[in-house]
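Protein chains in written order, with the working numbering: chain A, 405 to 816; chain B, 405 to 816.
One thing to keep in mind: the hints can contain errors.
For chains that are exact copies, the list does not tell them apart, and a pair is met inside one copy or across any two.
[As the list claims (entries may be wrong)] List time: in silico DMTMM-like cross-link candidates among lysine to aspartate or glutamate, alpha-carbon distance up to 25 Å:
1. Lys414 with Asp724
2. Lys414 with Glu706
3. Lys458 with Asp812
4. Lys753 with Glu777
5. Lys557 with Asp636
6. Lys415 with Glu590
7. Lys510 with Asp747
It is worth saying that the hints were derived from the structure and are not from the lab. Since this is a predicted model, take the numbers as computed values, not measurements.
Protein chains: 2
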Amino acid sequence: MLEQLGINAKKVAGILTTVTTEQKNNALIEISNALLLRADEIIKANNIDIENGKMAGLNAGLIDRLMLDRDRIEGIADACRQVAELDDPCGRVLETVVRPNGLVIKKVSCPMGVIGIIYEARPNVTADAASLCLKSGNAVILRGGKEAIESNKAIAKIMRDAIEKVGIPADAIQLVEDTSRQSSTELMRMKKYLDCLIPRGSKNLIQAVVENSTVPVIETGSGNCHIYVDRDADIDMASEIIFNAKTQRISVCNACESLVIHSDIIDRALPKIKARLDEKNVIIKGDERARAVCPDLEIADEVDFATEYLDYIISVKTVDSLDEAIEHINKNSTGHSEAIITDNEDNAKIFMQRIDSSSVYHNASTRFTDGGEFGLGAEIGISTQKLHARGPMGLRELTTTKYLIFGDGQVR
Amino acid sequence: MLEQLGINAKKVAGILTTVTTEQKNNALIEISNALLLRADEIIKANNIDIENGKMAGLNAGLIDRLMLDRDRIEGIADACRQVAELDDPCGRVLETVVRPNGLVIKKVSCPMGVIGIIYEARPNVTADAASLCLKSGNAVILRGGKEAIESNKAIAKIMRDAIEKVGIPADAIQLVEDTSRQSSTELMRMKKYLDCLIPRGSKNLIQAVVENSTVPVIETGSGNCHIYVDRDADIDMASEIIFNAKTQRISVCNACESLVIHSDIIDRALPKIKARLDEKNVIIKGDERARAVCPDLEIADEVDFATEYLDYIISVKTVDSLDEAIEHINKNSTGHSEAIITDNEDNAKIFMQRIDSSSVYHNASTRFTDGGEFGLGAEIGISTQKLHARGPMGLRELTTTKYLIFGDGQVR
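Excised from the complex, chain A in its bound form (with noise of 0.2 Å):
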């Protein structure tokens, strides 16, 4: 079943190949438009998955996710409009080298071709990521999940006939609308069609298509996000920035889950940074030695080290050195974002140099990988492996690059 939608999204891709900037920023605004102007038709289909969830019991927070009004339309309208005023990333000549045999070598920017996408209930995700795969001029397959179908046909049924009205065929959008377990484990095996496949969602979600792709898969994952105070650490600013990175949103990725405190400076350090999340009920689990200063504390054990809270909890570890900090953040972390507060300048390199995570900070709160923050204008999820792209990925990194070779008969 699923093969029709590779072979479709396929033959589009060739073509979007050679489609223009202007006509990709048409096609965007007329996305926006016309979400604006069918957004009843949205609201409709996304009762009817609300009804629906409500019947199968799903929680507040799920129906919440779920659920869209005509302000959430706006703006799903709002971030396309947005993407089509950044930057085609298609096109751009990376490197130029001319060979002593006289050819001419670029490396230019390009569409991947064909992406997939899985993802859960989030209806929005529906709209933006086909945006962003749009405008890098690729063709994208959705499979959302199953709780927000009606939705998810509504947005792209509406998505579809924008852009065939200004001239790009309706098939660089496709929507998987069987949403058994079985349409997804097949869009993992279609690495005939795809070039690239994004899980978005729960941490389970983004396991199953590691353990079952055979499509390249960039992996978006989750953030124990560490934030260790050194012994040179300006206090007061510690406990700004910490109290920032575990309270301002407790349930994103970028939050602080755990803190890394130099012995030499814990006493005077953890009663402030203690009062400061006290402001907000945070509950700290710490080792022994932190408990010596706070005794009011919870014990942290391993199991503490290792978790991604998105709670008000945060979990601290005392170390007698900055290599034991490393060491310590390094077995722990998940690669995502870990800050060092400092005045020691060879402190910070020493860490920033040797913290294997994607986003490394010094004096700044973890809070900041994003890709807004960051200034790539959009973001299609936070990377947390290696390859391809790591940490924020906004549209250069649904990108990939081809050799360009000029000759004048040149033979080997």
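Dock chain B against the given chain A, drawing on the hints supplied.
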């Protein structure tokens, strides 16, 4: 069993992030010297592999690939020395952004960490791959074929001794001594320790790795390479380029396997091309229209058009338009290297834009797709996938990036 190798590699990877370029280069020169000084050890071990190979009935070609004599060992030692002379791919600042809030964000290149290489019976890969991984700051786990195990053990031991002598832990280079199928499968699932897995060898090997690995793979693939002779081609140039691309070395992935010729020019072009290929007794298999021009061609069918012959055989497809040529090629190629021969710049531009391959040539032989010919200095393989690296991969392709973010207390 392999887990311990993973633990060792991960530990050394942390140390390698701070090793200087000079240290790495010293280690490579030390390896090069040691391989020459201890060549007898290698030859002795190699003799055992050769004996075993003969007893196991390996054919002459395989025995030749396996064989190491003093000349070949000198070649291997030279290659290590050349890697020392290449630029360090780590520590390049690829982008610097200053955000409105004062954060300075730098994207820098850095080692991936731990790279696994799965390969077959060529013992030179042991030294080549290890030296490229070392120069790019990565720990490597090598899993070569059982046919070369004694040679690999000798080479690995010499390299490990050499790097230890200059202060780099021996475990930066580890060889899997268990050559059972199970060890290979285990390596493919060591996601906890490996950042990347590169298979080098036959189509079957690569296929097995792609199918079974949970570690991100860089697929280095086969080449069903096409040359399209456009209506506006210089026929003499076409003949020379085709002769070179087909016959200069038949067993390589960038050799030409299939011609696509415009029907308006085939009457004049094919006889000339055939006359040139006849010099090397190349078997030409043509479609009906090609055979109408040269009746003594063999018959080409759809299977031919999808076949990488790696032999003195070539297929010919006749087309009526540039569009048809592009469609035929994108359908049958393996995404490796394709060329257009034409004096028409517009046609060349369209061809280069729409052909979905790593390397697309205008008026030059496909045989140039090679790290050395592209000026990369060394090559770990040629990627036919679109994630991370595409086309010839040198040292840079063995690195990843990380974001370093410098603040003075910024919170979100």
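Hints versus structure:
{"no.": "1", "hint": "Lys414 with Asp724", "in the structure": "between (56 Å within a copy, 22 Å between copies)"}
{"no.": "2", "hint": "Lys414 with Glu706", "in the structure": "between (48 Å within a copy, 20 Å between copies)"}
{"no.": "3", "hint": "Lys458 with Asp812", "in the structure": "neither (68 Å within a copy, 47 Å between copies)"}
{"no.": "4", "hint": "Lys753 with Glu777", "in the structure": "within (23 Å within a copy, 37 Å between copies)"}
{"no.": "5", "hint": "Lys557 with Asp636", "in the structure": "neither (55 Å within a copy, 48 Å between copies)"}
{"no.": "6", "hint": "Lys415 with Glu590", "in the structure": "within (19 Å within a copy, 38 Å between copies)"}
{"no.": "7", "hint": "Lys510 with Asp747", "in the structure": "between (44 Å within a copy, 19 Å between copies)"}
This entry does not satisfy hints 3 and 5, going by the numbered hints stated previously.
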